[in-house]
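Engineer: Sequence:
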Amino acid sequence: MAAVFLAAVNAKYIHSNLAVYSMKSYCREYEKYVEIGEYTINQQKDEILKSIYKKQPKVLCFSCYIWNISFVKELICDLKKILPQTVIWAGGPEVSYDAEKFLQELPEVTGVMCGEGEQTFLELVQHYVHEKEEDALADIKGIVFQKNGEIVRNPFREIMDMDKLVFPYKNISLFEHKIIYYESSRGCPFSCSYCLSSIDKKLRFRSLSLVKEELQFFLDAKVPQVKFVDRTFNCKKEHALEIWNYIHEHDNGITNFHFEIAADLLTEEEIQLIHTMRPGLIQLEIGVQSTNPKTIEEIRRKTSFEKISEKVKKVQEGKNVHQHLDLIAGLPYEGYESFKKSFCDVYALAPEQLQLGFLKLLKGSYMNEKAKDYGCVCKGKEPYEVLGTKWLSYGEICRLKGIEDMVEVYYNSGQFCHTMKAMEGYFSDAFSMYETLADFYEKKGYFGISHSRIRRYEILMEFLEEREVENLSYFKELMILDLYARENLKTRPVWAADRKAYKEKIQEFYTKEAEAPEVLQDYAGYQPKQLEKMTHLEIFSHNVPEGKAEKGSYPVLFDYRNRNPLTNDAAMHVVTL
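The sequence shown: position 446 = 575 (the working numbering), numbered continuously.
One or more of the hints may lead you astray.
Using C-beta positions, here's what the derived DEER-type ranges look like [stated by the list, open to error]: (1) Q656 with I383: 38 to 48 Å; (2) K351 with K572: 44 to 54 Å; (3) E594 with Q345: 32 to 42 Å.
Below 30 Å or equal to it, Euclidean Cα-Cα: the simulated DSSO-like pairs (lysine-lysine) are [said to hold, decoys possible]: (4) K629 with K641; (5) K469 with K365; (6) K230 with K501; (7) K550 with K519; (8) K341 with K331; (9) K519 with K572; (10) K261 with K276; (11) K573 with K470; (12) K492 with K276; (13) K470 with K499; (14) K634 with K605; (15) K658 with K573; (16) K530 with K141; (17) K423 with K492; (18) K469 with K331; (19) K230 with K161; (20) K573 with K331; (21) K341 with K161; (22) K501 with K489; (23) K161 with K261; (24) K356 with K161; (25) K501 with K550; (26) K619 with K489; (27) K161 with K365; (28) K448 with K499.
Simulated from the structure, these hints should not be mistaken for laboratory data.
Each residue gets a CB set at the ideal place from its N, CA and C atoms; glycine is no exception.
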């Protein structure tokens, strides 16, 4: 029987919940009384109910977020029926802002932990483990609770000293096959109106000596990826620079570190350091949101796209960092045409990923307060996504959703890069290309279907054929290039040219490479037939390696042992047969 059970309901299995692990770690003296259970919103509710019921917890605590709140509410209602003696508490951003309303809706819940949870949770554990009187709850700051049919709000708790937090990953085996989340700071210096971080201005940092010690733990354990959850990692230059220096100097060749940054704050010193890093050591997520100056001003962002663009380009010069740029549809003064311009501006920077998000009216945000002024309406249930504004209709949002799908499939996947780049020349701009492709999907009824990768290429060919694009044979070869760049296909696509005429020359090439390797030097000791199976040699009739439609004979060798760390594409060598 668990005295206190911390339940985390994540969006996906690969996610881990930093909050519950941080709270448990903070309760070192009471660790034996606290147990964690991680679930996902994709699991059957009966499965979760059964799991928690078996624990028979004295106290059950749920971590509540925008992606799981409805799911959690349903669980709570049913759990109280089968565990009537269990005391239920909730915490997290989705219940902290309006705790009183949440408790009115769910009388099954005893109380809500508001704000940072570590110290509050510790005091609650002490309260229940030592079986204190109910009146003792009045001494715990940062909680709202029900007492004798009334709701009581205790005083807010002072913000945490980051150095008092306890590192939650000592047992790293618990996080195998999961993303590791880490924080070196809390709070945010900015006031973006759509974000809850704008409410908390209390920015503070964990001591660098502790951060370095903890990062070394991840490096020694060779974890695949560590995601920093700092709101704006590089808002304090000295802090960011020292951490980046450390991971650069102690790089284990495996671990990747993800940071959310403000690109415009990057200094020349930081960029020069980034250029020296191993390709794939870090990746940067950059929130552009809009390139409309009026929109940027209205949402209280202090930046300019010109500065962001300048810094993104400078980072790109190193050819070693994955950059992920974000846009948000539904912001004030951003209509369909304005969003189109924002899209084209960001797309022109050629980031590794371009994320199209849709505004969410979060409880407690300034954007939520201004919703009526903006004519902004949103869904009644989480994630409270925008349905329309004064500037953007629901119909236009639907079109943008289709474009988002096309960008995810044909751009962000990285599986069609050569083909899409060539296609751009047939449209006035990139936005129009994805817009037209989305219209084609809509007309053909292709949305809502789980298509295979090969099928996506076939649909793209249908699209090009319908538009009567000239030189379709060139595009077919670009698709072959994209396909083999990612995968040594066992079954050749039906539209691929027959290689029989080159059979002898291909065999001769591999025989020479086996005897005296020039290109495949990493494959020493293998026989010709083995080399042919481990790599792929394609003979193109267009100059697809250089993205040109000129005709000729262009043999390209795909080397799958050596891949681009940013794109995961196989190394490609133009060879002579």
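Engineer: All the hints need checking, so say for each whether the structure fits it.
Structural biologist: Against the structure, the hints:
For the pair Q656 and I383, the beta carbons lie near 31 Å from each other, so the given range of 38 to 48 Å is not met. A C-beta distance of roughly 49 Å is found between K351 and K572, which places it inside the suggested range of 44 to 54 Å. Distance hint check for E594 and Q345: the Cβ-Cβ separation is about 56 Å, which falls outside the suggested range of 32 to 42 Å. For the given pair, K629 sits about 19 Å from K641 by alpha-carbon distance, which is consistent with the 30 Å threshold.
The suggested pairing of K469 with K365 is violated, with an alpha-carbon distance near 33 Å, which exceeds 30 Å. For the proposed pair K230 and K501, the alpha carbon gap of about 21 Å is at most 30 Å, so the pair holds. The straight-line distance between the Cα atoms of K550 and K519 is roughly 34 Å, outside the 30 Å bound, and the hint therefore fails. A hinted pair counts as satisfied when its Cα atoms are at most 30 Å apart, and K341 with K331 qualifies at roughly 23 Å.
For the proposed pair K519 and K572, the alpha carbon gap of about 28 Å is at most 30 Å, so the pair holds. Of the pairs offered as hints, the one joining K261 and K276 holds, with about 15 Å between alpha carbons and a cut-off of 30 Å not exceeded. At roughly 27 Å between alpha-carbon atoms, K573 and K470 fall within 30 Å of each other, so this suggested pair holds. Taking the CA atoms of K492 and K276, the gap is near 25 Å; set against the 30 Å cutoff, the hint holds.
Proximity of K470 to K499 is assessed by CA-CA distance (about 25 Å); at most 30 Å being required, the pair is judged to hold. Between K634 and K605 the alpha-carbon distance is near 23 Å, which keeps this suggested pair within the 30 Å criterion. Proposed proximity of K658 and K573 is contradicted: the alpha carbons are some 43 Å apart, above 30 Å. In summary, the hint linking K530 to K141 is supported, as the alpha carbons are separated by about 22 Å, within the 30 Å threshold.
Annotation: proposed proximity of K423 to K492 holds, straight-line Cα distance about 24 Å (limit 30 Å). Restraint check for K469 and K331: not satisfied, since their Cα atoms lie roughly 36 Å apart, outside the 30 Å limit. A C-alpha spacing of about 33 Å is found between K230 and K161, which places the hinted pair above 30 Å, so the restraint is violated. About 52 Å separates the Cα atoms of K573 and K331, which puts this hinted pair outside 30 Å; it is violated.
The hinted pair formed by K341 and K161 meets the criterion: a straight-line CA distance of about 29 Å does not exceed 30 Å. Taking the CA atoms of K501 and K489, the gap is about 14 Å. The hint holds against a cut of 30 Å. Distance restraint check for K161 and K261: the Cα-Cα separation of roughly 19 Å lies within the 30 Å cut-off, and the hinted pair is therefore satisfied. Only pairs whose Cα atoms come within 30 Å are accepted, and K356 paired with K161 is accepted, the gap being roughly 28 Å.
For the hint pairing K501 with K550, the CA-to-CA distance comes to about 41 Å; that exceeds 30 Å, so the pair is violated. For a cut-off of 30 Å, the pair hint linking K619 to K489 is broken: about 44 Å separates their Cα positions. Note on K161 and K365: the hinted pairing is violated, with a Cα-Cα distance of about 38 Å set against a maximum of 30 Å. Proximity of K448 to K499 is assessed by CA-CA distance (about 42 Å); at most 30 Å being required, the pair is judged violated.
When the structure is compared with the earlier hints, violations turn up for hints 1, 3, 5, 7, 15, 18, 19, 20, 25, 26, 27, 28 and for no others.
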